[in-house]
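Colleague: So you can see what is in the structure, the chains are spelled out below.
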Amino acid sequence: MLKKRVFYSTVIFLFFIIVFLPLVLVFGSSFKEIGSALSSFNMNSLKEKFVIISNSFAIAFFTSLFSLIIGAPLAFLFSRTNLYFGKIIKFLCIIPFFIPPYIQAYAWIFILGKKGFLNTALMKIFSMQEPIFTIYGIKGVIFVLTLSYFPVVMFLISIGLESADPTLEDACSLYRSKLGVTRWITFPLVSPYLIAGIIFTFIFAFSQFGVSALLEVRSYSVDLFAQISSFYNESRAALNSLPILLFILFLIVFLSRKWEKGFFAIFITKDRKRFVKLGNWGQALGLIFSLLVIFLSFALPIGELMFQSRSLKVIIAALKASAKPITTSFLLAFISASLIVILSLILSSLLNKSKFSLFFRIAAILPLGIPGSILGLGLIKLWNNELTGFIYSSFLIIIIVYIARFIPYGILALYSNLKQVDNNLQDAAALSGASQFKMNRDILIPLLKPGIKFAWVITFILCLGELSSTVLVVPPGHETLSLRIYSLMHYGESSLIAAASLIPLLLSLSGFLFIKIIFAKVKRWR
Amino acid sequence: MEIIKVLNLIKTYENRLILNKLSLSLEENKTSVIVGPSGSGKTTLLRLIAGFEKPDSGEIYINQKKVNSPKILVPPRKRGISMVFQSLALWPHMTVKEHLAFVLKAKKILKKNIPEKINKISGLVGLKDHLKKYPSQLSGGEKQRVAVARALVLEDPILLLDEPLSHIHPKLKKDILNLIKELKSELNLTLLYVTHHLNEALFIGDKLFFIDEGKLTIEGDSRDMVNDPRYKNFFIDVI
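Keeping their order, the protein sequence lines are chains A and B. 346 is the number that my numbering gives to position 346 of the first sequence; each next residue is one higher, with no gaps. Whatever position you read off the second sequence (first residue = 1), add 1000 for my numbering.
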């Protein structure tokens, strides 16, 4: 019992040190700025802040809206209809999430930039001096982010649609038409997943940095980064981020309450056999829509990057030139994703038992709302000193960054999965005399397999693409692939950048395949 | 009088034959019980009668009207039937009262009559104190009563029950069976009850249909069958 307590206390302490202490330090120091912030307050600065905040809100709002418009019909097609090649198309629709958004943006600059091939062609055909639409600006950011994040909405809604008990809809069909069943039963059952998808997309889009910076839009995260890197005004940056943090906190509390009601049955795997049979027209429309989405979000940008790479030689050269960052990124993402899964498993089981579970859940997923650059600042404040300098100057600081930023995803996935596990199964194992270790190994872990897989893959991908915190803390000699590509984008040769941009996708896919193979092989844990 | 007639039904799932030329007819105001082992096709038969699926071949008539065939599928809501599901299928986002009001509103019952109807049925099934609760706040027996109340609030003449007592305590089973019996005579219902428990079938059924591997094996009046020495060995086998 004592051993258990010590173990759990250590994990909570670690969580506090890694995730919360940096924030306490950075926000604590920002309060001394309140006075000077108020004294420098004027109409111009207010106007400027308004522009930045409204840009960010517009980006987040419209990205969520368009992700929903694309993601919801796709989820329905894949989960509830007999669409031809549904499984393959669904997989292809998830791939855009494997491409870091700033790379998606970079590819679209080649297509719809001022000198992009599509704009050049259109200007030639219609003899125009200026392109009708360029990827630069808010509309472009929304367009790129929608193509990157619609898989999140699609994935969550399709889980909702697949896990809804079909007899609930049957029961309703005794009294209502198909439309009525959708309105009164399907929609309310799926709405928590839909809301979660929208909120996640909103937070992702709000806090992203790379796309806005590349497409020259002044957004909240770009402004924070500028405050830190150009004006060296860290405390003011932290202070400025507070109102937004409160807003994101509000969204997280809202999400947690839905979660509290037990709606998030994320990992129920029901064998749903009742499909809507699409006729020829339905099949044709479904295929055209889903293939168009794949074309825009994956085939066209990746095809363009391949084209820009010019030749296989350049791709090989890019691989060689980035060999060290590739290895660093892969290993750090691999280690971090694995540590996140282990920590999330322990923390989720604690959350499941805790009396203050709602409070702890909010605390656990709060880091979702912290801008990467602010977290980076906090980590510098905490770790950059004589005592912990050996951590700060090594690759360990990058692992800490990844854990602090992405542990909420691990906790969200594993806690939801844990909620679905029938306690009787563990009780039955305990009655048979199994030890705690055996029970975990033979009963709990196999039942949590879907959650573990999901948490590992998503955090691995996010770690590979992390930019806004890493850029502040990266120690010499440990440059990650994202950083290398991001700096190349500013100073490098375009064919080399295009070739290097293909690498994160390959790494993400290899991580995804790796976990699939591991889980397929290790069917028995004994 | 014959109220439901099933003629030569064939239904397959993924190349597995579930119902094999099954025919039977059910009489009005009687309780017919379909008994059979798991996988014998009982639930599939009920789903076809309810109108959730189409057969591969064969026909179903309700009140002499063809409602199901490979080409015809009268939607469930237009068949004048209610159903209690094996899983109960209670909507997690609705309270007990909302369940009952939802069903009544769907059938366009006048708004002013809805509270009275809810009052009546909740009184009959003993749920008056639980109207504001969600399914997750109810015990197993209470959930069962909600499912029965939802099925009966419209007073549809036909009630289908798909192993409704499979997950509840034996002590509660008898209470619920008595309740169903009472409601049946009070509301003048025709019941089609599916179970694999012979004791349940004998307790509630007027007429028994035994099906196995999608075929009707034996049918008859339950009292006659119990007293008929020809069926003695059969019952022993089933039990």
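In short, the hints are calculated from the structure, not lab data. Ideal Cβ placement from N, Cα and C applies to all residues, glycine included. A portion of the hints provided could be inaccurate.
[Unchecked claim] Quick list of simulated restraints, FRET-style, between CB atoms:
no., chain 1, residue 1, chain 2, residue 2, range
1, B, K1112, A, L292, 48 to 54 Å
2, A, L292, B, E1186, 33 to 39 Å
3, B, K1120, A, V253, 38 to 44 Å
4, B, Y1013, A, L509, 34 to 40 Å
5, A, M123, B, K1105, 56 to 62 Å
6, B, K1065, A, F514, 55 to 61 Å
Colleague: Each hint should be assessed against the structure and marked as holding or not.
Modeller: How the hints compare with the structure:
no., hint, verdict
1, B:K1112 with A:L292: 48 to 54 Å, "52 Å, holds"
2, A:L292 with B:E1186: 33 to 39 Å, "59 Å, violated"
3, B:K1120 with A:V253: 38 to 44 Å, "42 Å, holds"
4, B:Y1013 with A:L509: 34 to 40 Å, "36 Å, holds"
5, A:M123 with B:K1105: 56 to 62 Å, "58 Å, holds"
6, B:K1065 with A:F514: 55 to 61 Å, "60 Å, holds"
When the structure is compared with the earlier hints, a violation turns up for hint 2 alone.
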